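Participant: Each chain, letter by letter, is given below.
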Amino acid sequence: MKKALVLIGLLALAGAASAQTFVWPQKWTVAKPQEAKRGGTLRAAVISDFRTFNPFITAEATNVPDLLSGGRGLVTRDPTTGDWIPYMAESFTVSPNKLEITFKIRRGMKWSDGRPITADDWITTWRIHTDKAVGSNSYDTFFLDGKPIVLRKIDDYTIRFIYPKTDAEAFNVAIFAPWPAHIFGPVYQREGAEGIKKMWPLSEDPAKIVSGGPWLIESYRPGERLVLKRNPAFGEWNKDEAGNPLPYLDRYEIKIVKDTNAQLAEFLAGNIDLMAPATVDHISQIRQAIQQGRLDATIKVNASPVASSQFMVFNWNKASDPFKQSLFRSDKFRRAMSHLVNRQAVIDIVYGGLGTPMYTSVYPVLTQWVNPKVPKYEYDPKQAAKLLAELGFTKKDKEGYLVDSKGRRLEFNLATNAGNNQREQIAKLIVDEAKKVGVKVNFQAIDFNTLVGQLLSSGPDRPFDAIIIGLTGGGLDWPFGANVVPCKGNLHMWNKSGQCLDPRETQLDALYSRGRAELDFKKRVEIGYRMQEIEASLLPVIYIAGPNYHPAWNNRLGGEHPDAIISSIWGQRELELTFIKK
Amino acid sequence: MTAYILRRILYLIPTFFGATFLAFLIIQMAPGDYLTQLELDPKITPETIARLRSQFGLDRPIYEQYLLWMNNLFHLNLGYSFAYQAPVLDVIWPRVVNSMVIVIPSTILLYLVAIPIGVYGAVRQYSLGDRILSFLAYVGLSVPSFFLALIAIYVLLQIKFRTGVLIFPVSGMTSSGFEQMPPLKQWLDIAWHAVVPILVATANDIAGLSRLMRGQMLEVLGQDYIRTARAKGLAERVVLYKHAFRNAVIPFVATLGGLLPSLISGAGFVEVVMAWPGITPFFLDAIANQDLYVIAGFLTVSLVLLMIGNLVSDLLLAWVDPRIRYE
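If you read the protein sequences in the order shown, they are chains X and W. By my numbering, the letter at position 520 of the first sequence is numbered 520, and the numbering carries on one by one without gaps. So the number in my numbering is just where the residue sits in the second sequence, counting from 1, plus 1000.
Okay, chain W solo, but in the shape it has when bound:
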């Protein structure tokens, strides 16, 4: 087992270099750079732009920029943001934390809701409940999250216009005057702001995950050993939860590794539409500005987490599934 882990870690090294270089190259292949946006400003001379370009090191060959950046990485320095003139980690970390306020509850909620729905759909296949849930799942799958967020804002506004009460805020993470609140009230305030974004972020994913669960469960329920278990006269509940369910969730263990990078990668467009100060709007800004090291640094952190996550989920898989052994 130890040998397997070591081998896996060794494999990760070339993957790391390959992936970071590719990411770096792709960012650089986009036309222009961080300073291009200044070029149409009549108040800034081309000489000034050329000077800034050399100060930022953007006039050097790409491999040189990459090697310099790698050297910094080994000193645990993700690089420097052009736009913020500050270390990348300092500027992305507060945003990641904000995103987690949505991502963690939404992930938990997702599993809590999607798995029972999937199991229900499989056990009561083609029942009225299954049909309604399937229909909702397809609607959820096909409505993009930013649109769902806009609908949520619309509904909140209409309620406000009718009743004069804003049940949940239409945007942001805290109310004005947040700094003056006592700590408990601050928590409550953030929670109040987070409700709608969490629901919107979850709604989309429930659809996919519950359909997957339903499919897995149906497949397992069709297996011979389930028939055997039933033939042995086991209670249906035991058949379902001890035999079928345990086998059906195994593929989900493999997806747990993917949760690690998704923890930091934000809740997506919900954050943009509802002005949640998470990583998504920030990252989109960085891409639009070609803030090279913010993009590259953030991708690197995601990459490392993904690699660790994959390793962990492979090990978990061996732990939950006696058929899998790494020797």
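Chain X with its partners taken away, still in its complex shape:
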């Protein structure tokens, strides 16, 4: 009897111990655990300075709180499959009606100050993020169509997320990083949002910043360098397959280098280890340095397309100019314009041959989602001319531009944001191609804020003809934009009259909601395929092409991703599994 009890006790202990650790899978890195060395410093550079250590008011793309926490939460994604796996949670269960997800929080996780990480930390973090007065950038992620997603503590190690409706992106909410309730909670209770906003400014003593992720702040010099050091508490529950605590590195040093040429110089001089060159010139300089043996580094050219879109959008709301309005609302016109976009020339000239053409709103890097069978209206000036002739533009005026039977010239204005050389080049290519078939395009580069103002204006008469712009932010679970596809969406840029004008818009709107609520991945992909077919026939915007992602690293680093998962989505490596070879 006693023996049996001991055995049960041992089993329970073993269970607790195994629940404590998250084992980082071998397949996420090319290196075997025995190859990995401990210690050393990884050196990287960012383009803009950090603005705060405070997780609730941070708004920069690369920000300190995300670096500290490692950007993971209750769940994370397995880069090899794209699936959600429990991370800070030990397991999760989805309720039969799919409206509740209950997470069992991993036991034994500790903050860097030694306090345990429990459900209270998630609850407090969620409360502060959703306080309007705090102004957190994550605010909107906790709402679904304006209705709140509610978090409920069941016990110290169980937490439940309650959704107002079924959502394909439900797990996306659960990746938010918790912050210590014992630090933020008392201040929030005492001083409310104002107290929270004043916490953890850049001038805060780094020793007072508490982290639950892989890193702690060692030092920060404004405009210069952020130095992170390994958080030993993290290594207690994050291990590699051989049981070694992670991260391997002692330090992660991030230089602030505002100029990409200077970043390149630092990379070439061997002073920084990571680089993602964006221009052909930078890529060739790195390749040359490697070939001539001046730099021991690796570059993966064309690893994947980038996760963003680039397109030309026509304004359907031009009450003051019925001629242009009917033109821009015409399928044939937009299809003709797509035939005038020489995507190959854009890739060759603008991206130096290192780019990818785009045909639908799904970024080409999301390969699981791209419908390969959608009709593509490729560069074909003859076909464009034919379509325009069908619209009544058969004659040319003295200057060689097409006119219709009433003598109205085929002409429109095209704008993009000034200073974006690549977009300006794309616009010029379109102007040239259009001129060849007799369409007059007046290109103008205007200030970004003015452009955004025009693009997002609403009503029956909006102040632009056509704009070249891009978007980012599409996800792996459901790559369509929540405020792009629905007709009332703020980024429904072609038509902001507030209602659907074309039956296919209505159809897309309905499919968007259906897909977002569909939890079966295969069925969701089918809906996505259908949406792309409709997009291709409607051409609400004309997709052009985008650059590719070309990661590079100094060969003193080991532990990068296997080639198959190096992409603009997963990056080149997990920092936790990165080590210094020499």
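It cannot be assumed that every hint is accurate.
Computed cross-link-like contacts, DSS-like style, restricted to lysine-lysine with a CA-CA straight-line distance of at most 27 Å [to be verified]:
1) LYS1160/W to LYS300/X
2) LYS27/X to LYS37/X
3) LYS229/X to LYS1185/W
4) LYS1232/W to LYS582/X
5) LYS197/X to LYS153/X
6) LYS1160/W to LYS581/X
7) LYS1185/W to LYS582/X
8) LYS165/X to LYS488/X
Please keep in mind that the hints were generated in silico from the structure rather than gathered at the bench. Quick caveat: nothing in here was measured; it's all calculated off a predicted structure.
Given chain X, work out where chain W should sit, using these hints.
Facilitator: Quick look at chain W alone, frame taken from chain X:
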């Protein structure tokens, strides 16, 4: 004299209000505001943006925003940075100090080098030395400082590729591991990083200042009293340095006032190209983001320093030039 100073200070008051309002107005006239950049983010709803806009006070009329800001100024509060969510002074001051590491040595170096070159050019006009220096001056004037910085980086890299030694760092103000160094080594490390930026920042200005000095000196040397001094049989050295030089530098005293605001306004694009954590890259960021109070606050500090500087240089002028009297 006291009456003059008081009068000058009185004049400064309307200037201050006029200049700050104009600055405020011009910043606000630029299309969009700090939150416009969020509008194309598909993850943020328009309601959230509208809420933030009202929290930042950006939805109020411009005169109201200006008056609120003025009220803060009188309480010695320059305002609040949207981007950093912190008081403006707290975020700009460390950057200004970093910039001074380049600006102060470069200013001293500038005067030490440019004035002798100018004097030499005037005394040995059209000599071979003057021609070479003039040529270099024109090159210096016409090459923008950011380009000079890029050339410097290129040269440093080429040397590194040939010899494997990086004589001077290509960017930044401190080496990694700076925090662990003893204080003396920290000083040396900063100095080592500052050499190239200081030289680049100085190179451009030497050209302008030395040409100015040369012109002034030539003009004075053509004056009657110089001929008189020579006729009296004074040594050429005395003529040059006691009579000519002293008169030729008077206009430079008037420019000393301009040095005061330039102390805080940074070393320009050298800082951007060489990743020096000074005020220039920071200020450019603020402009790009339309971080209203950072721009306005910084301009106000520069404005106040400029006004004080002008006053000081006028007083200095009266002190060095017996012909000028303020009554």
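Participant: Hey, LYS1232/W versus LYS582/X, does the alpha-carbon distance stay inside 27 Å?
Facilitator: 77 Å, violated
Participant: Within a Cα-Cα threshold of 27 Å, do LYS1160/W and LYS300/X meet the stated pairing?
Facilitator: 25 Å, holds
Participant: Does the alpha-carbon distance linking LYS229/X and LYS1185/W stay inside the 27 Å limit?
Facilitator: The hint holds at about 22 Å.
Participant: For LYS1185/W and LYS582/X, compute the direct alpha-carbon distance and say whether it is at most 27 Å.
Facilitator: Distance ~26 Å between LYS1185/W and LYS582/X Cα, so the pair holds.
Participant: Within a Cα-Cα threshold of 27 Å, do LYS197/X and LYS153/X meet the stated pairing?
Facilitator: Since the Cα atoms of LYS197/X and LYS153/X sit roughly 25 Å apart, the hinted pair holds (cutoff 27 Å).
Participant: Taking 27 Å as the top limit, are the C-alpha atoms of LYS165/X and LYS488/X close enough?
Facilitator: Given pair LYS165/X, LYS488/X holds - Cα atoms ~20 Å apart, limit 27 Å.
Participant: Does the structure keep LYS1160/W and LYS581/X at a Cα separation of 27 Å or less?
Facilitator: 23 Å, holds
Participant: For the pair we were handed, LYS27/X and LYS37/X, check the Cα-Cα distance against 27 Å.
Facilitator: The given pair, whose Cα atoms are some 18 Å apart, holds under the 27 Å limit.
Of the numbered hints listed earlier, the single one contradicted by the structure is hint 4.
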